[in-house]
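Engineer: What follows is the residue order along each chain.
2 protein chains.
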Amino acid sequence: MGRTSTARDRLLDSACELMHTRGYTAIGVAEICGRADVRKGSFYHFFESKQALTVEVIDTHWQGQRVAWRERLTGPEPAVERLQRLIAWLVATQREAWQETGRVDGCLLGNLAIELSNQEAVVQQRLTAAFDEQAELVHTALTDGAEDGSVAPGCADRATARAVVAQIEGAVLLAKLAGDVGSLDDLWPHVRRLVTADPPAHASTAR
Amino acid sequence: MGRTSTARDRLLDSACELMHTRGYTAIGVAEICGRADVRKGSFYHFFESKQALTVEVIDTHWQGQRVAWRERLTGPEPAVERLQRLIAWLVATQREAWQETGRVDGCLLGNLAIELSNQEAVVQQRLTAAFDEQAELVHTALTDGAEDGSVAPGCADRATARAVVAQIEGAVLLAKLAGDVGSLDDLWPHVRRLVTADPPAHASTAR
Chain C
1 MGRTSTARDR
11 LLDSACELMH
21 TRGYTAIGVA
31 EICGRADVRK
41 GSFYHFFESK
51 QALTVEVIDT
61 HWQGQRVAWR
71 ERLTGPEPAV
81 ERLQRLIAWL
91 VATQREAWQE
101 TGRVDGCLLG
111 NLAIELSNQE
121 AVVQQRLTAA
131 FDEQAELVHT
141 ALTDGAEDGS
151 VAPGCADRAT
161 ARAVVAQIEG
171 AVLLAKLAGD
181 VGSLDDLWPH
191 VRRLVTADPP
201 AHASTAR
Chain G
1 MGRTSTARDR
11 LLDSACELMH
21 TRGYTAIGVA
31 EICGRADVRK
41 GSFYHFFESK
51 QALTVEVIDT
61 HWQGQRVAWR
71 ERLTGPEPAV
81 ERLQRLIAWL
91 VATQREAWQE
101 TGRVDGCLLG
111 NLAIELSNQE
121 AVVQQRLTAA
131 FDEQAELVHT
141 ALTDGAEDGS
151 VAPGCADRAT
161 ARAVVAQIEG
171 AVLLAKLAGD
181 VGSLDDLWPH
191 VRRLVTADPP
201 AHASTAR
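Line order of the protein sequences matches chains C and G. For the first sequence, the residue numbers in UniProt numbering are 1 to 207. For the second sequence, the residue numbers in UniProt numbering are 1 to 207.
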């Protein structure tokens with residue numbers, strides 16, 4: 001690996017770190033280059049624009065995350081335990097980052113989704129694809145769970161899978177805002193309710 | 001009501017609209033003044049800075065929202081129906097905006113929370129206070145619901161109330177990203193699971 005590929009990787013790492021903390025708009029190419037120790041002229045040798053770099057940041061980040069999601073959601077255990085393992089890992093990730101930086105930076109994909117949904121179509125497409133994959137991975141686990149009996153049959157649908165992803169994103173948003181990683185300890189009991197709870201009879205009229 | 005107060009209100013309205021769509025960092029004072037038809041020199045007569053304006057935008061927005069939240073969550077109906085009324089109103093609000101603009105702009109408070117949590121302490125405090133109030137209003141309704149029997153007794157706690165707020169924010173984030181207001185039609189069934197579902201016995205080992 002020569003100097004060239006290292007510089008490219010450094011630009012990706014720097015952009016990922018800076019955007020995770022402070023978002024897309026607040027970060028300029030000069031700052032990314034400064035942190036990566038790469039000359040600004042070289043930036044455009046590797047990336048056409050900040051937008052193009054951001055698409056690669058998202059792809060690289062989600063490629064790593066996807067492996068982790070799959071690992072946690074696969075195995076011989078009842079599906080609800082695999083889902084619990086995923087949540088525990090997500091919370092541990094936020095906690096480790098918090099111990100290192102003193103901040104809760106939240107979810108890079110969620111942060112960029114909020115900031116860029118209505119503004120950068122290419123970025124929006126990549127983020128949508130990543131969240132769709134997350135929901136699909138959870139949906140597969142829920143389907144397994146309906147078979148092994150650990151997930152309520154009425155909860156093994158794609159809408160519930162999206163609700164699980166939404167609960168994760170919402171809880172991380174509130175933890176980030178409060179700077180309180182401890183609030184994420186409640187995430188699993190709530191996700192569990194989403195996937196194990198058939199609606200009780202007395203609530204059916206309130207549908 | 002002279003010209004002065006009108007200009008101030010216009011600045012607040014313009015900032016609210018622009019920030020709701022495109023965030024805080026992407027919007028400058030000049031653009032806010034342009035949309036409000038107020039000279040830039042006058043801006044600093046009314047507001048010390050963009051940050052000071054943003055604090056007022058948040059306060060004004062949440063004051064209006066707070067009234068709406070209280071109205072929907074108060075009444076003689078079982079608490080779970082009041083909660084359903086709140087969710088229906090929130091979804092209708094997003095749908096109306098979408099019909100008007102073709103966009104799902106999501107939640108102004110959530111958008112600013114994601115963007116500014118780690119950067120603007122004063123803004124963060126106001127947003128934290130607003131979300132705390134939301135959780136408190138839901139918590140009060142859940143407590144009523146445990147008494148009237150429409151909410152599961154184990155769900156009438158503050159952590160569940162925060163999970164309801166998280167579910168709203170996460171679902172709105174995904175709807176905003178996908179530009180799909182229709183996905184919010186699933187929000188109520190999922191919130192209902194969070195508040196009406198005692199954990200089933202077979203899931204207790206997965207706590």
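Note that these hints are calculated values from the structure, not bench results. Incorrect hints may have been included.
Treat identical chains as interchangeable: a pair holds within one or across any two.
Stated by the list, open to error - In silico DMTMM-like cross-links for lysine to aspartate or glutamate, where the CA-CA straight-line distance does not exceed 25 Å: (1) K50 <-> E120; (2) K40 <-> D13; (3) K50 <-> E31; (4) K40 <-> D186; (5) K50 <-> E136; (6) K40 <-> D132; (7) K40 <-> E133; (8) K40 <-> E100; (9) K50 <-> D105.
Remember, it's a predicted structure, so these values are computed and weren't measured experimentally.
Engineer: Against each hint, give a clear statement of whether it holds in the structure.
Structural biologist: Results for each hint:
1. K50 <-> E120: For K50 and E120, both the intra-copy (11 Å) and inter-copy (24 Å) Cα distances are at most 25 Å.
2. K40 <-> D13: within (16 Å within a copy, 39 Å between copies)
3. K50 <-> E31: both (11 Å within a copy, 23 Å between copies)
4. K40 <-> D186: Close neither inside one copy (44 Å) nor across copies (47 Å); limit 25 Å.
5. K50 <-> E136: neither (29 Å within a copy, 41 Å between copies)
6. K40 <-> D132: Cα proximity of K40 and D132: none, with 35 Å in one copy and 44 Å across.
7. K40 <-> E133: Cα proximity of K40 and E133: none, with 35 Å in one copy and 46 Å across.
8. K40 <-> E100: Neither way: K40 and E100 sit 29 Å apart in one copy and 42 Å across, limit 25 Å.
9. K50 <-> D105: Both: 21 Å inside a copy, 23 Å across copies.
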